Amino acid sequence: MNPTTSPSASPAAAESPTSRPGPPHGAAHAWRVVWRITKLNFKARLEYRGEFLMGIAVGAIWQVSIVVFASVLLTRFPGLGGWSSSDVLLIASMRMLAHGLYVLFLGRVQYMNLLVQEGVVDPCLIRPMPVYRQIQLAFFPVNAIGDLVVAVGLFVAALQRSSHDWTAGRITYVVAGVLGGMLVEAALFTALAAAAFHFPATSYWSQWLEELMGTFGSYPLSILPKAASAAFTFIVPLAFIAYFPAGVLTGHGGAMGVPEALAVASPFIGLMAFVLSRLLWSWSLRRYTGVNG
Amino acid sequence: MPLSAVIEARGLSKVFQTTVRRPGLGGALRSLVSPRRVAKVAVQDVEFSVGKGELLALLGPNGAGKSTTIKMLTGILTPTSGEALVAGVVPHRDRERNAHNIGAVFGQRTQLWWDLPARESFAILRDIYGVPEGQYRARIEEFDGLLELSEFWDTRVRHLSLGQRVRCDLAASLLHDPPVVFLDEPTIGMDVVVKEQVRRFLRHQVEERDRTVLLTTHDMTEVERLAERVVLINHGRIVLDGSLHEIRRRFGGTWQVRATLADPADVEEIGRSEGTGGPVALPGFAGIGVLRREGPRVVFGPVGADSPSVHEALKVIIGRFRVADLALEENDLEDVMRAAYLSDVPAQEPAAASTSASASAPAPASQGG
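Chains A and B are the protein sequences, given in the same order. Just so it is clear: in the first sequence, position 96 is 96 by our numbering, and no numbers are missing. Just so it is clear: in the second sequence, position 346 is 346 by our numbering, and no numbers are missing.
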């Protein structure tokens, strides 16, 4: 049915939506709302002092295995798989930084199975704001503070130990690489969140994926058998999070098992992956059938 | 269909695909390899409309399809077939525009931010909907006056009682001044005092603010006090669309007016009209007959298909006879609804439902509970 041709609908249509003041538009309004909600969410978490501090501590402790690995690497070994210890440290720190930013800005998708079961999605569908944005604003991720504190520390250490010349181009690329890494991680978890609209068991996959990234995302993948390396490039593409960008920055571009152009394009591939995952999310949301009747 | 229909459901259907587990361990393993998918019809060919400033109660037993219907009308669910139109917008196709036109309260779930004080949730919603500050303040003041929110709106939502939380939800759903409001069991679990406060609030929104309200509830007192019209849904299909009186008439709702007549001439007149084969309609009294009589003490009751409501009958009886003493008896609406839910009445044809919707005059919701 075309609503505009419905004779009985036209009076109401004329009275209600068209005569009402139009909704506020524009990116500035959207950002103001996002900022305001984020501030309130942060304030809400601050109210529970113990929980807040525990959240930060958990975020930091979660990364302890990487820190221990980095310390051992720097003090005991000259390098790994042809990579110097400072270059490996750059992979680890870029991954951790990308992960921290993902947790801070886009990490709520990881709780999607719970949010669906708690019925949080239903009210999101009747508010004039994209559902994805509302999910990201569901709460403030205190653990991201811990993640980022450790990540920044490690990243500064990696830069200090680096023997490379940090030109403007390199700095720009490292920023793009970290953001691209954040988007790759967000894309993987957004794709899982799209499945969570229909299958609550995605939480197991989510835990497995996080474990996988924590374990293998910080090493040069060239030390792994070729099949594993290919799997981490083309099936679960965690090579694009930090390994490829760090390889480009440290001059390993031609020895990472893929054409150098593909490695250089990591930030762009991250963006594309994120866009695709959002399309998948929207497709899945259109088929959302609710919970509890 | 009312001319200024604001909510329209046209042949709405929703079919869910579910997996049926086979019994026993072997069956469960078989289901794992070859799941048996079945289509579960939650709502079928639902057709009704609600006019501007009208409050309609969507009634039915648990699992009848009420919430699914509301979710399709709010745009949360996409209908399998049929069409929903709310304030000129197809809800699931244009969710953001629809969101500005509707408010919704799902009594069992909050739409407020769980960890924030309710007042801060209101402020967030003000920003999301872009409500101008002046209008926002005026509405908050109005809602506080009606629902006494300021006593608890600085408390975090997770610490509010159910009644307090739903009152905040109600206010939140109306902050952007929507012309259409959907309420899915808004008073579930509330004490009687808060229920009455919420009912007053809803009546105010319909009568003073001219909002169109679609309400689902299991509380028959609420229906009697608020609903102008009811749509009865069962097994996903509309069984009846009409006034409360129509439901009473169709599902065994009955009444008796016991009167002691003061004028012997009236008693004589009634005696002349009495038959021997059960109650007959009194001449000139459409649908009212004498059930029993002992001298001047007469028991009037409904006769035939077009009997009036107890209030209409009372008006006729005291207008026609001189009455010395009077008592009313009416079936409780809950009994009537129980009969309606348990009955195997065939679903109303969509066309008939639509005709009934347009023909039924809104009945005043003035009965006491």
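Just so you know, the hints here were simulated from the structure itself, not pulled from any lab data. Predicted model only: the values in this text are computed from it and were never measured. Ideal placement from N, C-alpha and C gives every residue a C-beta, glycine not left out. A couple of the hints might just be wrong.
[What the hints assert, rightly or not] Which chain A residues face chain B? A few, computed with CB under 10 Å, are given here: (1) 41; (2) 43; (3) 49; (4) 121; (5) 138; (6) 225; (7) 229; (8) 260; (9) 261; (10) 264; (11) 269; (12) 272; (13) 275; (14) 286.
Checked hints:
1. Annotation: residue 41 of chain A was flagged as interfacial toward chain B, and the flag holds, the nearest CB pair being 7 Å apart, inside 10 Å.
2. A hinted interface residue such as residue 43 of chain A counts as satisfied when its beta carbon comes closer than 10 Å to some beta carbon of chain B; here the least separation is about 8 Å, so the hint holds.
3. Given the 10 Å rule on beta carbons, the hint for residue 49 of chain A is violated: about 14 Å separates it from the nearest Cβ of chain B.
4. Interface hint at residue 121 of chain A: satisfied, since its Cβ lies 8 Å from the closest Cβ of chain B, which is below the 10 Å cut-off.
5. Checking residue 138 of chain A against chain B by beta carbon gives a least distance of about 8 Å; that is within 10 Å, so the hint holds.
6. At a threshold of 10 Å, the smallest CB-CB gap from residue 225 of chain A to chain B is about 33 Å, leaving the interface hint violated.
7. Given hint, residue 229 of chain A at the interface with chain B, is violated; its Cβ is 34 Å from that chain's nearest Cβ, farther than 10 Å.
8. At its closest, the beta carbon of residue 260 of chain A sits 44 Å from a beta carbon of chain B; the interface hint therefore is violated under the 10 Å criterion.
9. Checking residue 261 of chain A against chain B by beta carbon gives a least distance of about 40 Å; that is not within 10 Å, so the hint is violated.
10. Annotation: interface hint on residue 264 of chain A violated; nearest CB of chain B at approximately 39 Å, more than 10 Å.
11. A least Cβ separation of about 31 Å between residue 269 of chain A and chain B goes past the 10 Å threshold, and the interface hint is therefore violated.
12. Given hint, residue 272 of chain A at the interface with chain B, is violated; its Cβ is 26 Å from that chain's nearest Cβ, farther than 10 Å.
13. For residue 275 of chain A, the shortest C-beta to C-beta distance to chain B is roughly 21 Å, which exceeds 10 Å, and the interface hint is violated.
14. Below 10 Å, beta-carbon pairs count as interface contacts, and residue 286 of chain A has one with chain B at about 7 Å; its hint therefore holds.
Violated hints for the displayed structure, listed by number in ascending order: 3, 6, 7, 8, 9, 10, 11, 12, 13.
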